[in-house]
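J.: Sequence:
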Amino acid sequence: MPERLLVDALAEVRPRLGDAHLARLSAPLLIAVSDGYLHAPLRVMFVGKETNGWWGKLQRYYATDGALEALLRRYGDQMRKPRWGGRFLPMLARTARELANGPPEAVAWTNLLRTDWEQGKGFSRNAKGSSAALADLSAAMLCHESRC
1 MPERLLVDAL AEVRPRLGDA HLARLSAPLL IAVSDGYLHA PLRVMFVGKE TNGWWGKLQR
61 YYATDGALEA LLRRYGDQMR KPRWGGRFLP MLARTARELA NGPPEAVAWT NLLRTDWEQG
121 KGFSRNAKGS SAALADLSAA MLCHESRC
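Residue 134 in the UniProt record's numbering sits at position 134 of the sequence shown; the count goes up by one each step and never skips.
Be aware that a few hints might be false.
DSSO-like, lysine-lysine: derived pairs with alpha carbons at most 30 angstroms apart [as the list claims (entries may be wrong)]: (1) K57 - K128; (2) K81 - K57; (3) K81 - K49; (4) K49 - K128.
Restraint ranges, calculated between C-beta atoms of paired labels, are given here [what the hints assert, rightly or not]: (5) R14 - E118: 13 to 23 angstroms; (6) D65 - E12: 17 to 27 angstroms; (7) A23 - K128: 15 to 25 angstroms; (8) R74 - R4: 30 to 40 angstroms; (9) H39 - A63: 32 to 42 angstroms; (10) G18 - G56: 14 to 24 angstroms; (11) G85 - Y62: 28 to 38 angstroms; (12) L42 - L22: 33 to 43 angstroms; (13) T95 - D19: 34 to 44 angstroms; (14) L42 - A63: 32 to 42 angstroms; (15) A63 - P103: 34 to 44 angstroms; (16) G53 - R83: 31 to 41 angstroms.
These aren't lab readings, by the way, just hints derived from the structure by calculation.
Glycine included, C-beta positions come from ideal geometry on N, C-alpha and C.
Make the full structure from the sequences, and use the hints.
T.: Here it is, written out as structure tokens:
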């Protein structure tokens, strides 16, 4: 998604979010598709449900100069790591090798919901239904990304 579209979409949704949303929703997952992905003979895009914490809270995004660039850089940095912890990101690398016969850059990931709703330890971070504005923003971003 070109940066201007991201800036505009996030600015448009801001008035529709209350203080509780800003304090409990994570910053949005913004993908930075690599040239390796765009030029891979076979591209695979994983679409997950939502983040599990991502660069602090949504209020941080709106309060920080350069937040958009930082979020795009974070995604790119994650994808370029030589080794990943956890289960999700190593699975992306295996998929790239097995399906796309290439580097992890042949695989991208995004989420249906761009943020998660923190509910405390032991609870799912289920943002579904937390905000119509979030649903609209997430749908617009996914629609655009799937056309890459």
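J.: Could you tell me whether the CB distance from G85 to Y62 stays inside 28 to 38 angstroms?
T.: 29 angstroms, holds
J.: Given a hinted range of 14 to 24 angstroms, is it respected by the beta-carbon distance of G18 and G56?
T.: 18 angstroms, holds
J.: State, for the Cβ atoms of L42 and A63, whether the hinted interval 32 to 42 angstroms holds or is violated.
T.: 40 angstroms, holds
J.: Is the straight-line distance between the alpha-carbon of K49 and that of K128 30 angstroms or less?
T.: Holds, at roughly 9 angstroms.
J.: Measuring from beta carbon to beta carbon, are A23 and K128 in 15 to 25 angstroms?
T.: Between A23 and K128, where Cβ atoms are some 18 angstroms apart, the hint holds.
J.: Within 34 to 44 angstroms: is that where the Cβ-Cβ distance between A63 and P103 falls?
T.: 36 angstroms, holds
J.: Could one say that the CB atoms of L42 and L22 fall in the range 33 to 43 angstroms?
T.: Because 40 angstroms falls inside the window, the suggested range holds.
J.: If you check the beta carbons of R14 and E118, does the distance land in 13 to 23 angstroms?
T.: 19 angstroms, holds
J.: For K57 and K128, compute the direct alpha-carbon distance and say whether it is at most 30 angstroms.
T.: Distance ~16 angstroms between K57 and K128 Cα, so the pair holds.
J.: Given a hint of 34 to 44 angstroms, does the C-beta separation of T95 and D19 actually sit inside it?
T.: 40 angstroms, holds
J.: CB of G53 to CB of R83, is that within 31 to 41 angstroms?
T.: 20 angstroms, violated
J.: Are the Cα positions of K81 and K49 separated by 30 angstroms at most?
T.: 22 angstroms, holds
Comparing the model with each earlier hint shows violations of hints 8 and 16; every other hint is respected.
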